[in-house]
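Heads up: the protein sequence lines correspond to chains S and X, in order.
Under numbering that gives the first Met the number 0, the first residue of the first sequence carries the number 0, and numbering increases by one thereafter.
Under numbering that gives the first Met the number 0, the first residue of the second sequence carries the number 0, and numbering increases by one thereafter.
Among the hints, erroneous ones may be present.
[Unchecked claim] Residues from chain X that face chain S, not an exhaustive set, calculated with beta carbons under 10 Å:
1) T6
2) E16
3) A52
[Unchecked claim] Quick list of the computed label-pair ranges, beta carbon to beta carbon:
4) A144/S / H22/X: 46 to 56 Å
5) Q152/S / T40/X: 40 to 50 Å
6) D422/S / H22/X: 33 to 43 Å
7) W30/X / S67/S: 39 to 49 Å
8) P28/X / P222/S: 32 to 42 Å
[Said to hold, decoys possible] Covered by chain X, according to a simulated footprint, are these stretches of chain S (three or more residues, beta-carbon under 8 Å):
9) 318 to 324
10) 360 to 372
11) 436 to 450
None of these hints come from the bench; they were simulated from the model.
Keep in mind it's a predicted model, so treat the numbers as computed, not measured.
Glycine included, every Cβ here is placed at the ideal spot set by N, Cα and C.
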Amino acid sequence: MSEADVPRDRRRLLQAAADLVAVAEEIEAVAVRATAALTRELRPRALLRAAPGFRPQRRLLRALTHRSGLGIAFSGGPLGRPIARLSGMAGPGRLAVHVLVLSLRLRIAAVELTHPEVSRDPVLQRLVAAIAEDRDVAAARALRALFRDRGAQDALSAIAPMFGEILALRALLDENPFNDAVGWAMATGRGVMNTDPILGITTRVMSSMDRGAGAARPTDPTPEETARIRTGDSIVAILRNIQAIGTDGRVLIQSVLGPDDVVRYVVQAPGMRPGGPRNDSPQDLVGAFRNTVLRASPYTGALKDAIAQFGVPDQADIALTGHSAGGSAVMNLAQDPDFCRRYRVTHVITAGSPIDFKTPADPRTWIASITNQHDLIPVLDGQGSGTCFDLHPTWYTVDYADPTHRFPLCHSVAQYAANLANDLPEARTHIDTQLAPYRGSLVRSQLYLMLDHAPEDPR
Amino acid sequence: MIELARTLEACATKLSELADRLHDDPAAPPWFTTTARTYATRCHQAATDLTAASHEAQRPRP
């Protein structure tokens, strides 16, 4: 197989994986309807007038339990839900789940085509095989070996390109019934990963810790920052500005006089602030979860406050850009119909952000999502480089692998900026062409410190 | 029920077609074709069970 064939081969396998998802969903829909039919047949009135030997009920029961048919396939309703929960999604031999698992295994095979290092790695191969074959002890051993031999950083980097598929396989096949739904949602591309796929704890629990309306306060850059901040009129300049202001809870807003003498506005939002899960800034870990899973957060509130304080006039053109959780937060703003009625969101550009399940309120908004295939953060919504779904055919997606393969290094804004500057000339040029209306002279540049609560807001 | 059985027959056909499509594909993993065909057979079996259930339900009751 030549290198030139790889993208075509990958597309073929991913198309087959998507076809399998459609089949799995149809089988599951049949299981739901057959369970409902059996539930009706088991009502006392139906049993009283049942055929001799309860033949229809027995046949239906067989259809819903036969190992060489649908497997234990009770699903939905007062009968299906408790039985499905007791038996777990995969067990024993539930056909719809097994077809979905086949799709996930095919997606991993597609990832291996573009990441030959995966198929060369015996420990990784052991891990993938053990998970796909539902051998928990072997999977745990392979995972332990991976972390022991490589260290956490390299182990995570190795798993990253197929992280979403591994999580979905694990959620579907383990004995924990509380993560089955999220495994199904991840594998079918039907929804954001709103439950932890390992333990089944809903991420809303964590999101609920992220309290506050969000507020912003203008702040001055240090002289070193002043020297580094440039006009955010190109993707590399924007990412380097975000790098310059760091992750200490600040956001940068700039106004630029464009080539047509129109003033436009660029919001540049950094990612999560390192440290404990929760701090006084919206850029904390719980905020990152909330921005991924929900549509509003203290971060989006703080961004709105900063934009209002900057004096962005109504109906002005605004480009929203962000790295990591900052990308999710700006995408949340673009999802907000009120915000989009007030301002014309022309562009959203994110780097290393989980935004697959977000949709802009204004269909004219041009969206670019830049993700490194070894970066785990964009996979937090459940869709990674092995996805077989084109969730947003109109978006400009740059999903690439750089030679370093190192996480978390590859997630850093500096690495994204360097990759775009040095390794991705085509993507850089395309994004910069889209940003042409924002190319011009800098009118004003202002930093804002973002807070969970306004200073006078009682907690 | 007959409608559900038809849906499963259609699923079986799609799985068999997928197996045929990737059978000689050098990019496809070796286990794919056999597994897809096994699942197609299971769809057929389940369709048979549902068809039988439908016939039993339609029989005149004493």
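Evaluated hints:
The restraint placing T6/X at the interface with chain S holds, with a minimum CB-CB distance near 5 Å, inside the 10 Å limit. Interface restraint check for E16/X: the shortest CB-CB distance to chain S comes to about 9 Å, inside 10 Å, so the restraint holds. For A52/X, the suggested interface contact is upheld, since its CB lies about 4 Å from the closest CB of chain S, less than 10 Å. Under the hint 46 to 56 Å, the C-beta atoms of A144/S and H22/X, about 34 Å apart, miss the expected range.
Distance hint check: the CB atoms of Q152/S and T40/X are about 45 Å apart, consistent with the given range 40 to 50 Å. The hint said 33 to 43 Å for the Cβ distance between D422/S and H22/X, and at roughly 37 Å that hint holds. The hinted range of 39 to 49 Å is not satisfied by W30/X and S67/S, whose Cβ atoms lie roughly 19 Å apart. Distance hint check for P28/X and P222/S: the Cβ-Cβ separation is about 58 Å, which falls outside the suggested range of 32 to 42 Å.
Only residues whose C-beta sits within less than 8 Å of a C-beta in chain X count toward coverage, and the segment 318 to 324 of chain S has 0 of them, not enough to reach three; the restraint is violated. Only residues whose C-beta sits within less than 8 Å of a C-beta in chain X count toward coverage, and the segment 360 to 372 of chain S has 0 of them, not enough to reach three; the restraint is violated. Look at the segment 436 to 450 of chain S against chain X: 0 of its residues bring a Cβ nearer than 8 Å to a Cβ of that chain, fewer than three, so the hint is violated.
In summary, the numbered hints that this structure violates are 4, 7, 8, 9, 10 and 11.
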